[in-house]
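J.: Make the full structure from the sequences, and use the hints.
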Amino acid sequence: MKKNQWYNNQIFPWLLPIVIVILWQVLGQLNLIKSTMLPTPFEVVEAGIRLFQTGELQENVYISTKRAVIGFAIGGAIGFLLGLFNGTVLFFEKLTDTSIQMIRTIPHLALIPLVILWFGIGEGAKIFLVAVGVMFPIYINTFSGIKNVDRKLIEMGKVYGLSKWQLFTNIILPGAMPNILVGIRYALGVTWISLIVAETIGAQGGIGYMATTAREFMQMDVVVLTIVLYAILGKLSDFIAKLCEQRLLKWNPAYRKN
Amino acid sequence: MFGIELQSVGKSFGNNVVLRDINLSISKGSFTAIVGKSGCGKSTLLRVIAGLENVTSGSLAYTDGEAKKSNIRIMFQDDRLLPWKSILKNVAIGGVGMKEAEEALEKVGLDGKKDAWPDELSGGQKQRVALARALASKPDVLLFDEPLGALDALTRMEMQHLIEELWQEQKFTSILVTHDVSEAVHLADRVIVLNEGGIQMDKQIDLPRQRERDEKFTSYEKNILDKIIGG
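First to last, the sequence lines map onto chains E and G.
Under the numbering used here, read the first sequence as residues 132 to 389, first letter to last.
Under the numbering used here, read the second sequence as residues 7 to 237, first letter to last.
Derived from the structure by calculation, the hints contain no laboratory data.
It cannot be assumed that every hint is accurate.
[What the hints assert, rightly or not] Distance windows between CB atoms, simulated:
{"hint": "1", "chain 1": "G", "residue 1": "G155", "chain 2": "E", "residue 2": "Q141", "range": "41 to 51 Å"}
{"hint": "2", "chain 1": "G", "residue 1": "N22", "chain 2": "E", "residue 2": "K381", "range": "37 to 47 Å"}
{"hint": "3", "chain 1": "E", "residue 1": "K295", "chain 2": "G", "residue 2": "Q13", "range": "30 to 40 Å"}
{"hint": "4", "chain 1": "G", "residue 1": "L58", "chain 2": "E", "residue 2": "K225", "range": "17 to 27 Å"}
{"hint": "5", "chain 1": "E", "residue 1": "N279", "chain 2": "G", "residue 2": "N22", "range": "22 to 32 Å"}
{"hint": "6", "chain 1": "G", "residue 1": "G155", "chain 2": "E", "residue 2": "I371", "range": "43 to 53 Å"}
{"hint": "7", "chain 1": "E", "residue 1": "K381", "chain 2": "G", "residue 2": "E112", "range": "22 to 32 Å"}
{"hint": "8", "chain 1": "G", "residue 1": "K177", "chain 2": "E", "residue 2": "S230", "range": "50 to 60 Å"}
{"hint": "9", "chain 1": "E", "residue 1": "Y193", "chain 2": "G", "residue 2": "L58", "range": "55 to 65 Å"}
{"hint": "10", "chain 1": "E", "residue 1": "F250", "chain 2": "G", "residue 2": "N22", "range": "54 to 64 Å"}
{"hint": "11", "chain 1": "G", "residue 1": "S31", "chain 2": "E", "residue 2": "N279", "range": "36 to 46 Å"}
{"hint": "12", "chain 1": "G", "residue 1": "N22", "chain 2": "E", "residue 2": "N383", "range": "30 to 40 Å"}
[Said to hold, decoys possible] Cut-off 20 Å, straight-line C-alpha distance, at most; resulting in silico cross-link-like pairs (SDA-like, lysine to any residue):
{"hint": "13", "chain 1": "G", "residue 1": "K95", "chain 2": "E", "residue 2": "M308"}
{"hint": "14", "chain 1": "G", "residue 1": "K91", "chain 2": "E", "residue 2": "L293"}
{"hint": "15", "chain 1": "E", "residue 1": "K381", "chain 2": "E", "residue 2": "D281"}
{"hint": "16", "chain 1": "G", "residue 1": "K91", "chain 2": "E", "residue 2": "S294"}
{"hint": "17", "chain 1": "E", "residue 1": "K295", "chain 2": "E", "residue 2": "L284"}
{"hint": "18", "chain 1": "E", "residue 1": "K283", "chain 2": "G", "residue 2": "S49"}
{"hint": "19", "chain 1": "E", "residue 1": "K381", "chain 2": "G", "residue 2": "L88"}
{"hint": "20", "chain 1": "G", "residue 1": "K95", "chain 2": "E", "residue 2": "I303"}
{"hint": "21", "chain 1": "G", "residue 1": "K113", "chain 2": "G", "residue 2": "G103"}
{"hint": "22", "chain 1": "E", "residue 1": "K283", "chain 2": "G", "residue 2": "P89"}
{"hint": "23", "chain 1": "E", "residue 1": "K283", "chain 2": "E", "residue 2": "Q297"}
{"hint": "24", "chain 1": "E", "residue 1": "K295", "chain 2": "E", "residue 2": "E224"}
{"hint": "25", "chain 1": "E", "residue 1": "K283", "chain 2": "G", "residue 2": "L58"}
{"hint": "26", "chain 1": "E", "residue 1": "K283", "chain 2": "G", "residue 2": "K91"}
{"hint": "27", "chain 1": "E", "residue 1": "K278", "chain 2": "E", "residue 2": "V220"}
{"hint": "28", "chain 1": "G", "residue 1": "K91", "chain 2": "E", "residue 2": "L380"}
{"hint": "29", "chain 1": "G", "residue 1": "K91", "chain 2": "E", "residue 2": "L298"}
{"hint": "30", "chain 1": "G", "residue 1": "K95", "chain 2": "E", "residue 2": "G306"}
{"hint": "31", "chain 1": "E", "residue 1": "K278", "chain 2": "E", "residue 2": "P305"}
{"hint": "32", "chain 1": "G", "residue 1": "K95", "chain 2": "E", "residue 2": "Q297"}
{"hint": "33", "chain 1": "G", "residue 1": "K95", "chain 2": "E", "residue 2": "L284"}
{"hint": "34", "chain 1": "E", "residue 1": "K381", "chain 2": "E", "residue 2": "L304"}
{"hint": "35", "chain 1": "G", "residue 1": "K119", "chain 2": "E", "residue 2": "P384"}
{"hint": "36", "chain 1": "E", "residue 1": "K381", "chain 2": "G", "residue 2": "D125"}
{"hint": "37", "chain 1": "G", "residue 1": "K91", "chain 2": "E", "residue 2": "L312"}
{"hint": "38", "chain 1": "G", "residue 1": "K91", "chain 2": "E", "residue 2": "G306"}
{"hint": "39", "chain 1": "G", "residue 1": "K91", "chain 2": "G", "residue 2": "K119"}
{"hint": "40", "chain 1": "G", "residue 1": "K34", "chain 2": "G", "residue 2": "D195"}
For glycine and all other residues, C-beta sits at the position ideal for the given N, C-alpha and C.
T.: So, in structure tokens, the structure goes:
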């Protein structure tokens, strides 16, 4: 792979999206795309400014982000702890892994009717769905990460007199970290997908709620705006995950900036 | 410092007998080499001495002074450095402070690399770090499990000198497992030949250090090699 090509820089990857947005704007202004079908980028931005001025935008983004963070934290913690126990203690693995693998194959969004009956359409339902969706990818990656830590390094740690806790913090956890981070990145994607579905079906706030109300009033610009908002939030969380990777895996030449 | 005493030690994995009736007394501060064909049980013997494997029969005891398992260190075939720790922190893994770790790095001539990551070092440098890690806690017993097997000839000679020098300075009880007879004669006071899990030859090497490849050296070498090959 050649590194010093003209296209290998920060700006080039943005060329395609920019061209598409310009094309979209031009086609919209020429009325080749009707704004009742798809509003132009300017109209979407205008809608964004309008909702920002009324405060609706910030409020709904805040509500959705809060749900995402809480759901991710709960599901992530459960998945991580399960992966940790099952990866290190054979008893727990034998006890729970088969059951978890069975439950995992159910698409978690199939639980929506059940979840609505259990929790109604309150906050609990959304957080529950996000947590369930996040739990499995984090569990599986933590578990396999721990299982795949080089046995020879663990043996070395034992010869060098490390206690169980020291073995865990010095060898097992850092050895499993690349896998855990893969799980986290994947789970972040699942977070937003779960939230979009959950908020569209029933909510009194949040980005999905904005989209549903806008659809009822035929506000196409707001509908498109919500889609863009999800894209931005998704990209932002992936960016944060990437920063974590660069920080935590700086020992790995693949992540080292040079 | 302490020595090691093995009395009719046997070790089997299932029906597979790896060591049989090993009687061996290793005095403190000595340098012993264990050689033999691959599969003769030499690595297993080392792992038994290290306490990584339990004996199936017989007994293992530490002699000549206060013995703690924590004072036994192993240098493995591969460096086994933790890729996510800096060189200095790798050396400090055996529970020593940063100061001791730095001193140990200095001894192997790598104090300039203390902030590097392991994958930035060459194979020989990594084994030197592994040696520093083994020595940092001032062990009583240092076990070498073919630590130089993967290195090129020049780096290997350098490492042999370094090991000899540090052993003369610190006098830890050393046991070296190797398939390289010349390396064994170069470093050890005593060479033990293992064959099919039993001791086949136990030879003192009475040569002054640093050893040159002279006539006496090669005659020792030939003698041992003949025993290994001839069976």
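J.: Hint by hint, note whether the structure agrees.
T.: Evaluated hints:
1. G:G155 - E:Q141: 41 to 51 Å: 46 Å Cβ-Cβ, so the 41 to 51 Å window holds.
2. G:N22 - E:K381: 37 to 47 Å: With Cβ atoms ~44 Å apart, the hint holds.
3. E:K295 - G:Q13: 30 to 40 Å: For Q13 (chain G) against K295 (chain E), whose Cβ atoms are near 32 Å apart, the range 30 to 40 Å holds.
4. G:L58 - E:K225: 17 to 27 Å: holds (26 Å)
5. E:N279 - G:N22: 22 to 32 Å: holds (28 Å)
6. G:G155 - E:I371: 43 to 53 Å: holds (45 Å)
7. E:K381 - G:E112: 22 to 32 Å: holds (26 Å)
8. G:K177 - E:S230: 50 to 60 Å: holds (57 Å)
9. E:Y193 - G:L58: 55 to 65 Å: At roughly 56 Å between Cβ atoms, L58 (chain G) and Y193 (chain E) fall inside 55 to 65 Å, so the hint holds.
10. E:F250 - G:N22: 54 to 64 Å: With a Cβ separation near 59 Å, F250 (chain E) and N22 (chain G) satisfy 54 to 64 Å, so the hint holds.
11. G:S31 - E:N279: 36 to 46 Å: holds (42 Å)
12. G:N22 - E:N383: 30 to 40 Å: Holds, at about 39 Å.
13. G:K95 - E:M308: holds (18 Å)
14. G:K91 - E:L293: Holds, because 15 Å separates the two Cα atoms, which is no more than 20 Å.
15. E:K381 - E:D281: holds (19 Å)
16. G:K91 - E:S294: Roughly 18 Å separates the two Cα atoms, so the pair holds.
17. E:K295 - E:L284: holds (13 Å)
18. E:K283 - G:S49: holds (15 Å)
19. E:K381 - G:L88: holds (13 Å)
20. G:K95 - E:I303: Status holds; Cα separation ~16 Å.
21. G:K113 - G:G103: holds (16 Å)
22. E:K283 - G:P89: Status holds; Cα separation ~13 Å.
23. E:K283 - E:Q297: Holds. K283 (chain E) to Q297 (chain E) sits at ~16 Å (cutoff 20 Å).
24. E:K295 - E:E224: Status holds; Cα separation ~18 Å.
25. E:K283 - G:L58: holds (12 Å)
26. E:K283 - G:K91: holds (16 Å)
27. E:K278 - E:V220: Holds: K278 (chain E) and V220 (chain E) sit about 11 Å apart, inside 20 Å.
28. G:K91 - E:L380: holds (11 Å)
29. G:K91 - E:L298: holds (13 Å)
30. G:K95 - E:G306: This hinted pair holds, its Cα atoms lying about 16 Å apart.
31. E:K278 - E:P305: The hint holds at about 13 Å.
32. G:K95 - E:Q297: holds (13 Å)
33. G:K95 - E:L284: Given pair K95 (chain G), L284 (chain E) holds - Cα atoms ~15 Å apart, limit 20 Å.
34. E:K381 - E:L304: The hint holds at about 15 Å.
35. G:K119 - E:P384: The hint holds at about 17 Å.
36. E:K381 - G:D125: Roughly 12 Å between the alpha carbons, so the hint for K381 (chain E) and D125 (chain G) holds.
37. G:K91 - E:L312: holds (18 Å)
38. G:K91 - E:G306: Given pair K91 (chain G), G306 (chain E) holds - Cα atoms ~11 Å apart, limit 20 Å.
39. G:K91 - G:K119: holds (13 Å)
40. G:K34 - G:D195: holds (12 Å)
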